[in-house]
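**Student:** Residue numbers (this note's numbering), protein chains in the order written: chain A, 1 to 173; chain B, 1 to 711.
Any given hint could turn out to be false.
Stated by the list, open to error - Example chain B residues on the side facing chain A (calculated, C-beta under 7 angstroms, incomplete):
hint: 1; residue: A16
hint: 2; residue: A20
hint: 3; residue: G67
hint: 4; residue: I70
hint: 5; residue: A91
hint: 6; residue: A143
hint: 7; residue: F144
hint: 8; residue: P147
hint: 9; residue: S162
hint: 10; residue: G164
hint: 11; residue: F288
hint: 12; residue: L305
hint: 13; residue: V531
hint: 14; residue: I532
hint: 15; residue: P533
Source of the hints: derived by calculation from the structure; they are not laboratory data.
Ideal Cβ positions, reconstructed from N, Cα and C, are used throughout, including at glycine.
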Amino acid sequence: MKKQANENQNFMNPYLAGLGLGLTLLASFLILGAGLGASSGIARIAACAELCVARAHTLSSGYFGKWGDAPLRYYLVFMLVGTFLGALCSALLADRVRLRVERGAKTSTGRRVMYAFAGGILVGFASRLANGCTSGQALTGSALLLTGSFAFLVFIFVGGYSTAWLFRRQWND
Amino acid sequence: MISTMYHLDALGSARAFVAALLIGVAFGFFLERAGFGSSRKLAGVFYFSDMSVIKVMFTAVVTALLGLSICVACGWVSMDAIYLMPTVYGAHIIGGLIFGVGFVMGGWCPGTAAAGLASGKMDAFVFLCGAVAGSALFNETFAFVGPLYRAGDRGIVFVYDSLGMSRIGFTLLLSIAAVLVFWGCEWIENRRRKEPMSRRDNSVLKVVSVVLPALAVLVAAIGTDANGQAAIVSAGAITSIAAEMQLLDAVEQAQDHIEPEDLADRLVTGEPGLVVVDIRPPQEYAHFHIRGAINVTMKDIYGNLMPYKNIGTIVLYSNGMTHPVQVRDSLYRMGFLNAYILTDGLDGFIQRCLTPVSLRGEPVPQATADQIRLWRSYFLSSEDSKPSEVTKVSDELTWLVSTEWLEKHLADGNVKVIDLRSQPEYNSGHIAGSLALAAENLRTNSNGVGSMLQPVDMLARHVSLMGIRPEETVVFVHGDKIHDATLAGMAMERIGHEQYAILTGGFEQWKTDGRPLTTALPGSSASSYPVIPDADNFTVDYKRVLQHVQKKSAVIIDVRPADYYMGAKSDEARAGHIPGAINRAYTEDIQKTGDIQQLKSVDELEKAYSLIIPSKDTVVVVHCRTGHQASQTFFVLKHLLGYRRLCWYDAGWAEWAARTDLPIEGAPLAKKQSFLLLRKDALLRTLPRTRGLQPRSSHFLMNRLIFLVGV
Chain A
1 MKKQANENQN FMNPYLAGLG LGLTLLASFL ILGAGLGASS GIARIAACAE
51 LCVARAHTLS SGYFGKWGDA PLRYYLVFML VGTFLGALCS ALLADRVRLR
101 VERGAKTSTG RRVMYAFAGG ILVGFASRLA NGCTSGQALT GSALLLTGSF
151 AFLVFIFVGG YSTAWLFRRQ WND
Chain B
1 MISTMYHLDA LGSARAFVAA LLIGVAFGFF LERAGFGSSR KLAGVFYFSD
51 MSVIKVMFTA VVTALLGLSI CVACGWVSMD AIYLMPTVYG AHIIGGLIFG
101 VGFVMGGWCP GTAAAGLASG KMDAFVFLCG AVAGSALFNE TFAFVGPLYR
151 AGDRGIVFVY DSLGMSRIGF TLLLSIAAVL VFWGCEWIEN RRRKEPMSRR
201 DNSVLKVVSV VLPALAVLVA AIGTDANGQA AIVSAGAITS IAAEMQLLDA
251 VEQAQDHIEP EDLADRLVTG EPGLVVVDIR PPQEYAHFHI RGAINVTMKD
301 IYGNLMPYKN IGTIVLYSNG MTHPVQVRDS LYRMGFLNAY ILTDGLDGFI
351 QRCLTPVSLR GEPVPQATAD QIRLWRSYFL SSEDSKPSEV TKVSDELTWL
401 VSTEWLEKHL ADGNVKVIDL RSQPEYNSGH IAGSLALAAE NLRTNSNGVG
451 SMLQPVDMLA RHVSLMGIRP EETVVFVHGD KIHDATLAGM AMERIGHEQY
501 AILTGGFEQW KTDGRPLTTA LPGSSASSYP VIPDADNFTV DYKRVLQHVQ
551 KKSAVIIDVR PADYYMGAKS DEARAGHIPG AINRAYTEDI QKTGDIQQLK
601 SVDELEKAYS LIIPSKDTVV VVHCRTGHQA SQTFFVLKHL LGYRRLCWYD
651 AGWAEWAART DLPIEGAPLA KKQSFLLLRK DALLRTLPRT RGLQPRSSHF
701 LMNRLIFLVG V
């Protein structure tokens, strides 16, 4: 019971957490001159992986090619590593680090993992298409009042709400 | 004013990596704190069971927006120091839809998955692997999805512009919408909640509901002072009440005007750096103007006066004072601290300086009478702006030769005339012995950049085929483009052939002077011109230019037309200009008399460039889009004015714009700026042209409008 309590409670008040995130974003604007980002770091890792497998092909490819032969030398890769480290500190402080697959009690681990992987592919692809994810476009771009970022944000919810029903089972207890 | 790493082009530096890592730590920390290390909690937003995603995200967006707006309004940072993503409707809409499906299916988004992984969620790890695969999939299918990736590209677009609102209005609306959404979220959650919201959470919500709109109102207030006088956002400098007070202070201390007698004296003595600007319509200027004044109508003010920003002294005048006052204040807000108005305008100048002693009502002391006589003789005599010839230091040859000189030396056997007009024009009549050459044929694609001057070996071969020998003097005859001759001149420079000159006025002058023409083709035998590899020490590549940009070690002159420089027009991948570059269009160095085009007089050019370039030993980089127009400015500066350290960025804006790793300036803002100017100009034109108009009322109205469209 105690474990369960730790998993789901002690979260920061969402508005205060939002304030913290907003100030982090502001600091990023003022110091870096660019907002937050996560999917770029992931894409750079993908480029690096492709380079290891097929170097010449990757260097001449249409999208990864322009990042050259050292795609990881990029500030958003460092930001992604920082995001992991920051979250790790927070999770350790709150005693929330548990190795597990998060799912509803009525769902098999296999189904949840399959959904997570398929969802990952869609998100990875869409983030490159839209030049950013929830961090780089929805959060950063909206704070900069950019039209495209608002469009992206609105259509995330359109896409999410219109298909949520199909995937509801994975959270059923 | 903060210089961000993006602005300094330092995002690739170790410093930026460390900063990004630390910002990432804070980002991850707050994500995990908010509970976003849990996919169940994240997905909850799609099932109305947990609205944290919306609450956290909306709070973060509004917090950062208001924080940034305050920083901008206080002048601590400029929006052009921040990377703005272009709007691509197709990619953003389709990408959003796919992302939404992936989000609800996988239960994660990239940032939160990193937080989930940190708290041991294996589904987050699987999701991240999927995202890596999805990124690679995008790369592999890029040939196919590329068109979608670029579909509906609108460049930098702000949502308030898209909605036809003001920035402040939209910010206020968004803050209020956020509060309403928060209460809506709480209402949705309350229906499912077993126990009521804690008192503390309730208090936080109430505080947020008050603070966010209050901050939005504060942002609006900083931008607008008590009298409703609006502050405007301008070329990187954001004015606020403080800046407005500074402006008024300068006005109060009479730092905004120059007395007619003072101006007259300074003009007579030929004070360097003094630019007198007549802002009346060209007809009135043509009828009479103060000697030495240039004519710049109000719509061209920013296009033409940028090179003089804070260099020398700008004096504005019209018949009266209303328009010059308004233009001066506008310039001041745009950061011109060296703009003045002429007290009492042209009418005052004529009355106070040029009215003969005999016509004056009151007696005049002898000293003043002498001065008036001097002024009258100076200002009422006609200007002399004949282009003069410049002697080449090394020998008697001038860089510009007259038709008379050329006709006299045609028979020398040591002069080769190259005609740069089109072949049909050449065939229908040319100077005896001249060879036709299209300047374009001297260029080629080099290292992926088109329109580059050919390498030295190719050029040497080219001139060999034309039979040019190293000891010969080459004279270029241009048609309607002087820069064809100067581009051919660059080829001469590259092969180390110093003995060349340009026929003043080109072919038109030759024809007008009635000098002989022929249709006979000349006989010519190929020579063997030696390749001298190191003669070209003036062509620079983008790396060198970038170094100059970063170290501010050179004056970079962009010679393209002003609207291209400002980013209002563009033929290339990106609009704008190289950071720190100043604009002086090559056309400003040309004067036209009928069909004859020639370079302005050395005195005039000397005066103009001395305002832009501190000394003859300053490193100067000239560039245009492809290097063609810039060759003319290069010729003017190097040969006519004797600047010693001149560089030519041949690849120019075509390359710079295409290399997205290079910083540019003026793109998003210039767009806004030109938009502002457009509005201002439109408004000024609608204002009554009466001299007695209360300046403040029109001023106020104008600012109000700029404020509404611009802030």
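**Student:** Have a go at the B:P533 hint: is there a Cβ in chain A nearer than 7 angstroms to its own Cβ?
**Tutor:** Constraint on B:P533 not satisfied, violated at 30 angstroms.
**Student:** Hint check: is the beta carbon of B:A16 less than 7 angstroms from a beta carbon of chain A?
**Tutor:** holds (5 angstroms)
**Student:** Next item in the hint list is B:A91. Is there a CB on chain A closer than 7 angstroms to its CB?
**Tutor:** Since the shortest Cβ distance to chain A is 5 angstroms, the answer is holds.
**Student:** Take the shortest C-beta to C-beta distance between B:F144 and chain A; is it under 7 angstroms?
**Tutor:** violated (10 angstroms)
**Student:** Using Cβ atoms only, decide whether B:I532 comes closer than 7 angstroms to chain A, and label the hint accordingly.
**Tutor:** Constraint on B:I532 not satisfied, violated at 36 angstroms.
**Student:** With a cut-off of 7 angstroms on the beta carbons, see whether B:F288 makes it to chain A.
**Tutor:** Constraint on B:F288 not satisfied, violated at 50 angstroms.
**Student:** Can the hint on B:G67 be confirmed by a CB-to-CB distance to chain A that is less than 7 angstroms?
**Tutor:** holds (4 angstroms)
**Student:** Quick check on the hint: B:L305 CB to chain A CB, less than 7 angstroms?
**Tutor:** violated (29 angstroms)
**Student:** Was the hint right that B:G164 lines chain A, CB cutoff 7 angstroms?
**Tutor:** At 12 angstroms from the nearest chain A Cβ, B:G164 fails the 7 angstroms test, so the hint is violated.
**Student:** Could you check if B:S162 really has its C-beta closer than 7 angstroms to a C-beta on chain A?
**Tutor:** The hint holds - B:S162 has a Cβ within 7 angstroms of chain A, the shortest such distance being about 5 angstroms.
**Student:** Taking the closest Cβ pair, is B:P147 under 7 angstroms from chain A?
**Tutor:** It is violated, given that the least Cβ distance between B:P147 and chain A is near 11 angstroms, above 7 angstroms.
**Student:** Quick check on B:A20 please, does its C-beta sit within 7 angstroms of some C-beta on chain A?
**Tutor:** holds (4 angstroms)
Comparing the model with each earlier hint shows violations of hints 4, 7, 8, 10, 11, 12, 13, 14 and 15; every other hint is respected.
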